[in-house]
Amino acid sequence: MPAAVAGSSRRSGRRRPREEAGLKRANFGDSPGLPTLLLLPQLLILLFFFFIPSLRALMQSVLLSDPFGTNVQFVWFDNFKTLLASGDYRQSIAVTFWFTVAQNVLTLGSALVLAFATDRIVRGRSAYRTIILLPYAIAPAIAGILWAFLFNPAVGPLAQVLHGLGIAWDPNLNPTDALILVTLAASWKHICYDYIFLVVGLLAVPVSLMEAAAVDGAGPIRRFVSIALPMLGPTIFFLTVMNFIYGFFETFAIIDAVTKGGPAGATNILVYKVFVDGFVNLDLGSSAAQSVLLMSFALICTLLQFRYFDRKVNYGV
Amino acid sequence: MGRKVAFIAALFGALALVGPAQARVEVQWWHAMSGVLGDRLNELVEKFNKSQDKYTIVAVAKGNYDEVTNGVIAAYRAKRPPEMVQIAERGYMTMLLSGAIVPVQDLVEQKGYKIDFSDFIKPVASFWSYKGRMSAMPFNSSTPIFWYNKDHFQKAGFDKPADTWQELEKQLYTIKSKGISECGTVLPGDFYWSLLENYSAINNQPYGTLANGFDGLGTEFVYNKTKVVSQVARLKKWLDDGVMQIAGQGFSPEQLFTSGRCSTFVNSTASHGNIERNATINWSATFLPHESDINPPLNSTIGGGAIWVMKGHTPERYEAVAAFLDFVAQPETQVWWHGATGYVPATNRAYAVARERGYYKDHPTREIAVLQLSRGTPNENSRGFRFGNFVQTMLAQRQEVEAVFAGQKQPQQAMDDAVKRGNEILRQFEKLNAGKTPETERP
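Note that the protein sequences, when read in sequence, are chains H and L.
Per our numbering, residue 317 is the first one in the first sequence, and the count goes up by one each step.
Per our numbering, residue 294 is the first one in the second sequence, and the count goes up by one each step.
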């Protein structure tokens, strides 16, 4: 995460070269020894926890092997072919797409509303903020169990409310209900993350602009939409990218706790499928192929976002 | 992951070297028992450790069956496997053909212990042995039985649950319509095991070709052409009519039963310990129902786990392992374990001892599993299930059944799809293990 923050600020720097002109480049002298040494810990971590596992995943994805690794066959791209031919996998892609987009919209939307609301409050603002931030401290698995319980059709209090309203709510049986439930749980867990960035972003909006608009007769909502929101552009862009990554990779524990990918694969998002095929089914080749594909999807998604969305973002505040 | 485990293992290895020289040989046993069952397992290990002064067994709980399997795979790949590991029945073929194990009968005989392997009760012995030799030590064997709420049945005017599905269905609908309980039954979390696999065995339905996989790797699923399809349709009907409920994630079917909300449920005989501890209701248990046109019903099959011995250790450690396995097979140990947990006694002698002591007079429901397992003459439909990648095929099947419950597919279509997906998975296992015979290298 910190790397991504640095990334976005570096990008904003690129558009304002006058800042970079002030940087000194010769702080370490001419010898490459010290900088290399200082970089070494980070490089080693990258090597052991990123490059080597990625390479192994690439290798594994073209192999058919038993879990103990005693019997290994090279199968070219069979794992990928099988995957792309399987309806199960295509369903998983569709589910992931809907889940990620819905989660993104819901999370960012709620966070914006909350940030707007707490920005308006003068008394007790920090108390409200703390309360809104609390879910971030809850482990995803616990959050999942909480939601699963609240909406359990047999015993959950909120499910009883829904039944009372005449809605036949049952995430154990109904794929749509299950997808709604995990989307809600995942969003709820992530709203606070978006919220904290937006609150900080709002603090950076110049008071003078807001006051000028107020003098001109713009109401609070108009001021928020026309002035604050455009200025939050870079933050919102960054959060969209982060939300996609969250949806792709970090919602695994929530899915595991709420639905285990069911019913009938309705919530079997890609990252959960990677886990189940690798660690439960012990189908290492397929699991590795899936993680390679998942990584590619995430990469393409992020690139597209930067390519098309980034242009619309105004960094020059 | 392998790397990390190797590093941690190496660290512990180094620590062990600087520690004081130990007179006792220490061996590790990784297992998947938690809760009441985990406590009992620790007692068992303690009993063994106290019974002699040469060996120490260290029991390590590694999470559920999947997590234990993953742990041992990672450890084996990092060349630091434990000496013994408890693996669920579904992992049998994976372990047998892994090339990573030492068959227990070879080990025990080589170390000079005389365990009478022919005395193991039939379904247990036939499941865990390959070509007549025991590959793993049967440890916690269970079978599903039918649990019921006595009060609910009495209120509805029945003595006990009926023997056949047809009669039982009427009873459950009566209980529901009279408002005695909210649901007649609750779908077990492992319904594929109790209500599809064991259902096939009891009702003499073939599940796969080649004697359900016992006769070779070329096996194919055939349950889309048997009564399993109507069984799935029955479950769907019960769900639609509110006679059956699904407990869902974060909540166990057992809780719906023990709280008196649902009148019956199908679950392993191993839940005796938990139910005795938690239930506030007047419960009992009986045999699983069978179809009315199947008479007599056959035996059910076993689930649970066995102890596998891993390759790559020193002879003196295998001494310890053999001593422990011998201890586990003793009738005394088996009787104690049976009583403490509800798992089936693995040998005929242990069963006889428990009977002689009048144990089943006080605990009649504990005998159901043994009687159900040894009912009739096992044939190739009821000997058990021996499929490669069995967990994977089961999950595919489960997904298809859920599609029926969700109203997306008709039972026949879903079972056809499940069989098709399952067969592809079986072919993959066959391809990987083509022409392979299990490892018989002596330790």
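Fair warning: there could be bad hints in the mix.
Label pairs and their calculated CB-CB ranges [unchecked claim]:
no.: 1; chain 1: L; residue 1: 656; chain 2: H; residue 2: 365; range: 51 to 61 Å
no.: 2; chain 1: L; residue 1: 713; chain 2: H; residue 2: 393; range: 17 to 27 Å
no.: 3; chain 1: L; residue 1: 452; chain 2: H; residue 2: 389; range: 51 to 61 Å
no.: 4; chain 1: L; residue 1: 331; chain 2: H; residue 2: 413; range: 16 to 26 Å
no.: 5; chain 1: L; residue 1: 530; chain 2: H; residue 2: 620; range: 20 to 30 Å
no.: 6; chain 1: L; residue 1: 509; chain 2: H; residue 2: 623; range: 33 to 43 Å
no.: 7; chain 1: L; residue 1: 649; chain 2: H; residue 2: 401; range: 55 to 65 Å
no.: 8; chain 1: L; residue 1: 548; chain 2: H; residue 2: 525; range: 54 to 64 Å
no.: 9; chain 1: L; residue 1: 351; chain 2: H; residue 2: 565; range: 29 to 39 Å
no.: 10; chain 1: L; residue 1: 470; chain 2: H; residue 2: 389; range: 50 to 60 Å
no.: 11; chain 1: H; residue 1: 451; chain 2: L; residue 2: 575; range: 40 to 50 Å
no.: 12; chain 1: L; residue 1: 331; chain 2: H; residue 2: 452; range: 29 to 39 Å
With a straight-line cut-off of 25 Å between C-alpha atoms, the simulated SDA-like cross-links for lysine to any residue are [as the list claims (entries may be wrong)]:
no.: 13; chain 1: L; residue 1: 372; chain 2: H; residue 2: 371
no.: 14; chain 1: L; residue 1: 415; chain 2: L; residue 2: 624
no.: 15; chain 1: L; residue 1: 529; chain 2: H; residue 2: 482
no.: 16; chain 1: L; residue 1: 529; chain 2: H; residue 2: 496
no.: 17; chain 1: L; residue 1: 448; chain 2: H; residue 2: 470
no.: 18; chain 1: L; residue 1: 702; chain 2: L; residue 2: 372
no.: 19; chain 1: L; residue 1: 724; chain 2: H; residue 2: 403
no.: 20; chain 1: L; residue 1: 724; chain 2: H; residue 2: 391
no.: 21; chain 1: L; residue 1: 530; chain 2: H; residue 2: 484
no.: 22; chain 1: L; residue 1: 372; chain 2: H; residue 2: 378
no.: 23; chain 1: L; residue 1: 355; chain 2: H; residue 2: 492
no.: 24; chain 1: L; residue 1: 604; chain 2: H; residue 2: 496
no.: 25; chain 1: H; residue 1: 397; chain 2: L; residue 2: 604
no.: 26; chain 1: L; residue 1: 702; chain 2: H; residue 2: 492
no.: 27; chain 1: L; residue 1: 347; chain 2: L; residue 2: 319
no.: 28; chain 1: L; residue 1: 471; chain 2: H; residue 2: 479
no.: 29; chain 1: H; residue 1: 397; chain 2: H; residue 2: 617
no.: 30; chain 1: L; residue 1: 724; chain 2: L; residue 2: 344
no.: 31; chain 1: H; residue 1: 397; chain 2: L; residue 2: 710
no.: 32; chain 1: L; residue 1: 530; chain 2: L; residue 2: 319
no.: 33; chain 1: L; residue 1: 702; chain 2: L; residue 2: 513
no.: 34; chain 1: L; residue 1: 355; chain 2: L; residue 2: 448
no.: 35; chain 1: L; residue 1: 713; chain 2: H; residue 2: 396
no.: 36; chain 1: L; residue 1: 372; chain 2: H; residue 2: 368
no.: 37; chain 1: L; residue 1: 355; chain 2: H; residue 2: 378
no.: 38; chain 1: H; residue 1: 397; chain 2: L; residue 2: 726
no.: 39; chain 1: L; residue 1: 529; chain 2: H; residue 2: 465
Quick caveat, the hints were computed from the structure, so don't treat them as lab data.
Even for Gly, the Cβ is constructed at its ideal location relative to N, Cα and C.
Cross-check of the supplied hints:
1. L:656 <-> H:365: 51 to 61 Å: 53 Å Cβ-Cβ, so the 51 to 61 Å window holds.
2. L:713 <-> H:393: 17 to 27 Å: holds, 22 Å
3. L:452 <-> H:389: 51 to 61 Å: holds, 59 Å
4. L:331 <-> H:413: 16 to 26 Å: violated, 42 Å
5. L:530 <-> H:620: 20 to 30 Å: violated, 48 Å
6. L:509 <-> H:623: 33 to 43 Å: Given range 33 to 43 Å: violated, Cβ gap about 55 Å.
7. L:649 <-> H:401: 55 to 65 Å: Distance hint for residue 649 of chain L, residue 401 of chain H holds at roughly 60 Å.
8. L:548 <-> H:525: 54 to 64 Å: Given a distance of about 58 Å, which is inside 54 to 64 Å, the answer is holds.
9. L:351 <-> H:565: 29 to 39 Å: holds, 36 Å
10. L:470 <-> H:389: 50 to 60 Å: At 58 Å between Cβs, range holds.
11. H:451 <-> L:575: 40 to 50 Å: Given a distance of about 43 Å, which is inside 40 to 50 Å, the answer is holds.
12. L:331 <-> H:452: 29 to 39 Å: Holds: the Cβ-Cβ distance is about 33 Å, inside 29 to 39 Å.
13. L:372 <-> H:371: The hint holds at about 21 Å.
14. L:415 <-> L:624: At roughly 16 Å apart (the allowed maximum being 25 Å), residue 624 of chain L and residue 415 of chain L satisfy the hint.
15. L:529 <-> H:482: Holds, at roughly 22 Å.
16. L:529 <-> H:496: holds, 23 Å
17. L:448 <-> H:470: holds, 23 Å
18. L:702 <-> L:372: violated, 46 Å
19. L:724 <-> H:403: Judged against 25 Å, a Cα distance of about 22 Å means the pair holds.
20. L:724 <-> H:391: holds, 11 Å
21. L:530 <-> H:484: Holds, at roughly 17 Å.
22. L:372 <-> H:378: holds, 24 Å
23. L:355 <-> H:492: violated, 35 Å
24. L:604 <-> H:496: Judged against 25 Å, a Cα distance of about 48 Å means the pair is violated.
25. H:397 <-> L:604: Cα-Cα ~35 Å, so violated.
26. L:702 <-> H:492: Holds: residue 702 of chain L and residue 492 of chain H sit about 15 Å apart, inside 25 Å.
27. L:347 <-> L:319: holds, 9 Å
28. L:471 <-> H:479: Judged against 25 Å, a Cα distance of about 22 Å means the pair holds.
29. H:397 <-> H:617: holds, 22 Å
30. L:724 <-> L:344: violated, 47 Å
31. H:397 <-> L:710: holds, 19 Å
32. L:530 <-> L:319: Given that 25 Å is the threshold and the Cα spacing comes to 55 Å, the pair is violated.
33. L:702 <-> L:513: Between residue 702 of chain L and residue 513 of chain L the Cα gap is close to 22 Å, so the pair holds against 25 Å.
34. L:355 <-> L:448: Violated: residue 355 of chain L and residue 448 of chain L sit about 44 Å apart, past 25 Å.
35. L:713 <-> H:396: Roughly 19 Å separates the two Cα atoms, so the pair holds.
36. L:372 <-> H:368: holds, 19 Å
37. L:355 <-> H:378: It is violated: about 30 Å lies between the C-alpha atoms, which goes past 25 Å.
38. H:397 <-> L:726: Within the cut-off at roughly 21 Å; holds.
39. L:529 <-> H:465: Given that 25 Å is the threshold and the Cα spacing comes to 24 Å, the pair holds.
Violation of the numbered hints given earlier is confined to hints 4, 5, 6, 18, 23, 24, 25, 30, 32, 34 and 37; the remaining hints are satisfied by the structure.
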